[in-house]
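Asks: Position 113 of the sequence shown, counting from 1, maps to 113 under the UniProt record's numbering, and the rest follow consecutively.
Certain hints may be false.
As the list claims (entries may be wrong) - Only pairs whose alpha carbons sit at most 30 Å apart, straight line, appear in this in silico BS3-like list of lysine-lysine: (1) K107 / K45; (2) K176 / K107; (3) K176 / K45.
Unchecked claim - Ranges of calculated distance between the beta carbons of each label pair, as one might list FRET restraints: (4) D129 / P15: 44 to 50 Å; (5) K107 / K176: 42 to 48 Å; (6) Q103 / K176: 36 to 42 Å; (7) T128 / F160: 19 to 25 Å; (8) P157 / P117: 47 to 53 Å; (9) V3 / L147: 18 to 24 Å; (10) R163 / L5: 26 to 32 Å; (11) M156 / P117: 24 to 30 Å; (12) P134 / K107: 18 to 24 Å; (13) L154 / P117: 26 to 32 Å; (14) T138 / R17: 15 to 21 Å; (15) T128 / E172: 18 to 24 Å; (16) A49 / K142: 21 to 27 Å.
Rather than coming from a laboratory, the hints here were simulated on the basis of the structure. Built from N, CA and C at the ideal position, the CB exists for glycine as well.
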Amino acid sequence: MEVILLGTGGPRPDPRRMATTTLIRLGDENILFDAGRGVVVQLSKAGVALGAINTVFLTHHHFDHIGDLYDVMLNSWMHGRKDELRVYGPPDTERLVDTLITQVYDKDITWRDKGEPTFGGWKPVVATDIIPGPVLDTGRWKISAELVSHGDGLDMPPAFLARWMCLGYRFEAEGKVIAISGDTVPCPGRAAG
1 MEVILLGTGG PRPDPRRMAT TTLIRLGDEN ILFDAGRGVV VQLSKAGVAL
51 GAINTVFLTH HHFDHIGDLY DVMLNSWMHG RKDELRVYGP PDTERLVDTL
101 ITQVYDKDIT WRDKGEPTFG GWKPVVATDI IPGPVLDTGR WKISAELVSH
151 GDGLDMPPAF LARWMCLGYR FEAEGKVIAI SGDTVPCPGR AAG
């Protein structure tokens, strides 16, 4: 198992640091956490085949964490992704992905699907809204999500806060545990096994 920090920057552009994205390589599986600005270029620099990305976990919906999600969706397909791309994230992830596919990039997808048959036909992107708790157990690895604090103390309207969720992930494989979070402050008890 290998962890690659593809981006550790924030929302302000920095030519030395791309926006937040982490990759876990587990044999032939490549699992992304967030899809910040520059992720596709960083994957290429790291020697990761774009068509080999098939799972993405989002921590939250700030643009420095999801700004190049569309690029991952389209480039993984254009570079030979054979199966669906699965995207998991906090509530509204399904709506976000659906909007990108059906309203923002629908014409681009149709044009490439019909105009460039070498791509092998559009491969679906399946999004799933998740909440804290167990998320997935593939038999090879498992992952759970936990709420993390990001934006606490800001004067946000209750209606906004009811829809705002920031997640941290616990990834377990090969007898090892990796904790991944986007933006957060110390969260008592989160590090406990």
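Asks: Does K45 lie within 30 Å of K107 when you go C-alpha to C-alpha?
Replies: holds (29 Å)
Asks: Are K107 and K176 spaced within 42 to 48 Å by their CB atoms?
Replies: holds (44 Å)
Asks: Could one say that the CB atoms of Q103 and K176 fall in the range 36 to 42 Å?
Replies: holds (40 Å)
Asks: Indicate whether the distance between the beta carbons of M156 and P117 respects the range 24 to 30 Å.
Replies: violated (48 Å)
Asks: Has the hinted range 21 to 27 Å been met by the Cβ atoms of A49 and K142?
Replies: Holds - the Cβ-Cβ distance for A49 and K142, about 25 Å, lies within 21 to 27 Å.
Asks: Do the beta carbons of L154 and P117 sit within 26 to 32 Å of each other?
Replies: violated (49 Å)
Asks: I want to verify a distance hint. Is the separation of the beta carbons of P157 and P117 within 47 to 53 Å?
Replies: Roughly 49 Å apart at Cβ, these two residues keep to the hinted range, so it holds.
Asks: Regarding T128 and E172, is the given constraint of 18 to 24 Å on their beta-carbon distance met?
Replies: At 19 Å between Cβs, range holds.
Asks: Verify the CB-CB distance for T138 and R17 against the hinted window 15 to 21 Å.
Replies: violated (31 Å)
Asks: Could you see if the CB distance from D129 to P15 stays within 44 to 50 Å?
Replies: violated (35 Å)
Asks: Given the range 18 to 24 Å, decide if the beta-carbon distance of V3 to L147 lies inside it.
Replies: Between V3 and L147, where Cβ atoms are some 23 Å apart, the hint holds.
Asks: Given the hinted pair K176 and K107, is their alpha-carbon gap at most 30 Å?
Replies: violated (43 Å)
Hints 2, 4, 11, 12, 13, 14 from the list above are not met by this structure, while the remaining hints are.
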